[in-house]
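A.B. asks: Sequence:
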Amino acid sequence: MGSEQQSTVPFTVPSFAGEVPDAVVKVLDSGWVTTGPQTAAFEQDFADHLGAAHVVAVASCTAALELCLRAMDLPPGSAVLTPSLTFCGAINAILHAGHRPVLVDIDAATLVPSAATVAAAAARSRPAAMIVQNQGGYPVDVAALTEAAGLDRTRVIEDAAHGPGAARGGAPVGSSSYAACFSFYATKNMPIGEGGAVASSDQEFADRIRATRLHGMSKDSWRRYLPGGSWRYDVKTIGLKANMTDIQASIGRAQLTALPEWQRRRAELVARYDEALLGLPGLVVPQRELAGIQHAWHLYQVRVPDRDAIIAELESAGVATSVHFIPANHMTAYQEILGAEECATVPVTDLVAEELLSLPLYPGLSDDGLERVISAFTGALRARG
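In the numbering used here, the protein residues as written are 161 to 545.
Just so you know, these hints were derived from the structure itself, not from any lab.
Some clues are possibly wrong.
Derived SDA-like pairs: lysine to any residue, alpha-carbon spacing no greater than 25 Å straight-line [unchecked claim]: (1) Lys401 with Thr194; (2) Lys401 with Ser390; (3) Lys401 with Ala201; (4) Lys396 with Ala219; (5) Lys186 with Pro197; (6) Lys186 with Pro174; (7) Lys186 with Ala414; (8) Lys186 with Ala207; (9) Lys401 with Asp367; (10) Lys186 with Gln204; (11) Lys401 with Pro236; (12) Lys401 with Phe247; (13) Lys186 with Ala200; (14) Lys186 with Phe176; (15) Lys396 with His375; (16) Lys401 with His256; (17) Lys401 with His214.
Let the hints inform the model, and build the full structure from the sequences given.
C.D. replies: Next up, the structure:
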């Protein structure tokens, strides 16, 4: 596990299992470092972990989202619902796939869209598809949002970048989704450094992702160079260069064994945050509607007045923080693409976005580091009381 420097509590430090170095060396020694046997083994390991029928490993969650949209064969320029409070990569995936983002407002208590906000966005756009996001690790009710959008489940993509470790009704996020996209970026609950995956209940859909992650080629290099393999291949559909390497996959396999303990530590840290912070004047702690769900606790997000000044005070006290996210409708490029009328459709997002603050939360955060964060944060809030 990483640990914070004595002078500063970082916002996040990636954790790595002790088996990672040996796993990487074995791949290097094998002579095969790109997509191959380790990638296939990681896909099976992650599918088993989720309880999913199929997993396809890819280069990133952003690539996963675009590949899923392309695999749906939507008419060009189709309306795709998405929360505005999301990472820019999710919006870019819609645009790169040749479609039009339609912004969905959020519920202030959960930071994710509600059935009502989805229905409102669908009523003005007649969507062909939807991306739903597990903001901070809070598992959305995909079935309810799918119904509210008036869509078939085969037109809904679950952005589960924050999702490993989350569950709803006892079912892990991604276990039964038509398309759930995961991230293994350096800051995520199961960091590889870079990487992503698509989990799907549909074999034909998974096979399309598997082909289009590598240019649309009918066979990857590993299968062409296996004993008895042929150099011949076909390209039946246009794909991307979005495959995972065996080096990444070997890290992921080792990381997966450590994930349950890391999740336990995240939950422990959150409980201590809650005990110290809930009820402080001026503080709103969303995502506390936890009946029937298991939060992944990728982020510990709060809402505070005078957010930017509090960030500066915490930085002066040696505590790093972050904000998740700057809404899409606040970004120059998307404002130009979407237009003023579309950008004005998410008033709750606009309000919440000015108050959101993410506090340090990662398995390597020490007890002393946690107390430093709590002390600096409570002091900053009480000074405004």
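A.B. asks: Taking the earlier hints as the rules, which of them does this structure contradict?
C.D. replies: The structure conflicts with no hint, since it agrees with every one listed earlier.
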